[in-house]
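Student: For reference, the chains in residue letters:
Number of protein chains: 2
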Amino acid sequence: MTTRNDCFALDAQDRLSPLREQFALPPGVIYLDGNSLGVMPQATPQRVQQVVRDEWGADLIRSWNSAGWITLPQRVGDKIARLVGAEAGELVVADSTSVNLFKVLSAALAIAKADAPQRCVIVSERSNFPTDLYIAEGLARERGCELVLCEPDEIEGLLDERVAVLMLTQVNYRTGRLHDMAALTAKAHAAGVLAIWDLAHSAGALPVDLKGANADFAVGCGYKYLNGGPGAPAFVWAHPRHAERFWQPLSGWMGHAAPFEFTPHYRPAAGIARYLCGTPPVVSLAALECGVDTVLAAEEHGGMPALREKSLALTRLFIELVETRCAGQGLTLFTPRDERQRGSQVCFAHDEGAYAIVQALIARGVIGDFRAPDIARFGFTPLYTSFADVWDAVEHLKQVLERGEWREARFNERAAVT
Amino acid sequence: MTTRNDCFALDAQDRLSPLREQFALPPGVIYLDGNSLGVMPQATPQRVQQVVRDEWGADLIRSWNSAGWITLPQRVGDKIARLVGAEAGELVVADSTSVNLFKVLSAALAIAKADAPQRCVIVSERSNFPTDLYIAEGLARERGCELVLCEPDEIEGLLDERVAVLMLTQVNYRTGRLHDMAALTAKAHAAGVLAIWDLAHSAGALPVDLKGANADFAVGCGYKYLNGGPGAPAFVWAHPRHAERFWQPLSGWMGHAAPFEFTPHYRPAAGIARYLCGTPPVVSLAALECGVDTVLAAEEHGGMPALREKSLALTRLFIELVETRCAGQGLTLFTPRDERQRGSQVCFAHDEGAYAIVQALIARGVIGDFRAPDIARFGFTPLYTSFADVWDAVEHLKQVLERGEWREARFNERAAVT
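Those protein sequence lines, which keep their order, are chains A and B. In this text, residue positions in the first sequence follow the numbering used here: the first is 1, and each later residue adds one. In this text, residue positions in the second sequence follow the numbering used here: the first is 1, and each later residue adds one.
Rather than coming from a laboratory, the hints here were simulated on the basis of the structure. Only a predicted model underlies this, so the values are computations on that prediction, with no experimental measurement involved. C-beta atoms are modelled at their ideal positions from N, C-alpha and C, and glycine is treated no differently. Relax, there's no trap hidden among the hints.
Partner residues are not named here, just some residues of chain B that face chain A (Cβ under 10 Å, in silico):
| hint | residue |
| --- | --- |
| 1 | SER127 |
| 2 | PHE129 |
| 3 | PRO230 |
| 4 | CYS277 |
Please work from the sequences and hints to get the whole structure.
Tutor: Next up, the structure:
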């Protein structure tokens, strides 16, 4: 069995370990929630101060030009493109993941309808992240279409001539299950169906190859593995074959071909820039750039393949240690054991106490999160999670379980937000 | 004629002058562009650092509860409500003005259609801010409706039984003309038409009374007179009689009745909270709160009526001084002379050189802006603009014109963004 010293040895050999110094990890905390909100990069506070004090405070309106605010959505977008297998100029940062999904789903439904009017079904996974389902539900309602939800192994059987769009999150937020983007996209295309991918739990966590997989559209989140800060703006990508085919429904001035001509009629910008809408939140957007830079810094240390390799080593170790050291304590692995189907998180189900176990761990400084009704979820961020962190987290979990700490009332009282 | 000493005397008597100390006004700058991007409040950098370093950096995911991030859209919304004649709980901060307009225009078209299926026209002003027109154009396209644009004096005559919505910006971004919200809303309602108001150039600049005017919906901007910082999130209000009648098209998880239950089907939150969509950009939202607080600070100095009184005194003085001291230099007043029809800005048209005049002024530290094709626009922010600022700005303008500075090539070369 792996010992704590083995973990230190793994950390000593880890070629990615220098990347941890990019982050301000709070003392006394083992943070296994980077899949919900990434850790603050060391560079961010100073950069944010620069944007606030110098660019806004001193240069005021001039900074739209002098500080390059006007092209920030594209500049940060080009950086994210490198992480997800897209080209510069194909991806922009804008709005939230939900809003971006509305844009691309709207475009995909219109494309499908133009090519084959009977295609009006959106297929998605029942346990997809709720906001994806809510946005699809709203659009389906508006367009007189149908949203069909299924289990992962039912997807292929549902892709028939009535289906317009397959909309999936590459890594499921609850189970941590990783879909095979290339294979599912190919199956969708073979059935005449467009594929939209939500990269919320994959961008920055594992190699993503949108162009290689021939995906149609993608959206993703800035505040998880991209470390952009709370509520960081999201991103949106369209395959170039689609980018100019459709009017975007949120036809705001920043997506206009010539926003500063102030003409009364909308003329969409060329390519992905039309997916911009209103004025972007510059301070949050600048913070996102610092976060993206922490991931790009891995390029000199083996890049996304190295991050993926470490991520799998971390989750493999966590599963091994929990299943051996916490055996007989009621935890059941909920994340696929097959590593080809695993994202960068591990979930365990616990019938009685998942919520309380997570709370008791948080009280000890081990931060994971709870997902209803019975899931304790732990995210592993190869940029800043060490093998020793994994060992120590499991030691805390073992103590919480063996001592019955989670049975204490204070851990069982549900907070308003979990 | 008013002298520079008279202006100093006016400043000495100005009961709002202590409010200027809330702002970090850059030395050597006379800033007459607060209607485009408000000045940075002194409190903002520290508050932003607190959010970044302490709330995000140290407390990480826990800050959704412990720092109250989860209710920030409502908390800041309740503060803005006090500035626009709305009640607490009726207004939230979310997304951008463009996206919010999409939400309320979508709702208004649905309400109109439910009540009278033939009502499918949106009436707006031809020189309304382009993003408003683009969003309306997109929705009209999608719904098979028509967007009819007109001049301000044609509005009333167009409100017939085919019209669903009258959509106006209370203060026009180009002309600075102020609409009578109560009178136009009453006329719209008399014709069975709903009224949507964009408060981008009025919230924080002059008294707005949404409930008193019986308006139906409103949206507004955080980065102009609310001093929220570049691209600060926007706000949205619905009269309580409408707030629960309609599904919002951007049905994201933050607007769900129980976002943390993670149920697969959307159930809109009660009231205005359904107008939330995705996760808000917390850092930019916290900066907005600092900005809103600078306006609320006026409540102890006479409030919005005092701000309005000073705003009119500033614009009146500017017009007087330009028309006397710069007479014969080709400037024509473009903003209404009637103060009941004037917002907090003054525009002058200049046939040959509006762009170059603005550039030459900027080179001297007097920041206004240019609006195509021939408008030099100057915003007056009663919170931080002094009467002496007005005098000095006009002195610079006089010199730019008399010395022909604006004819220099360097001022006539158009930048990519103006």
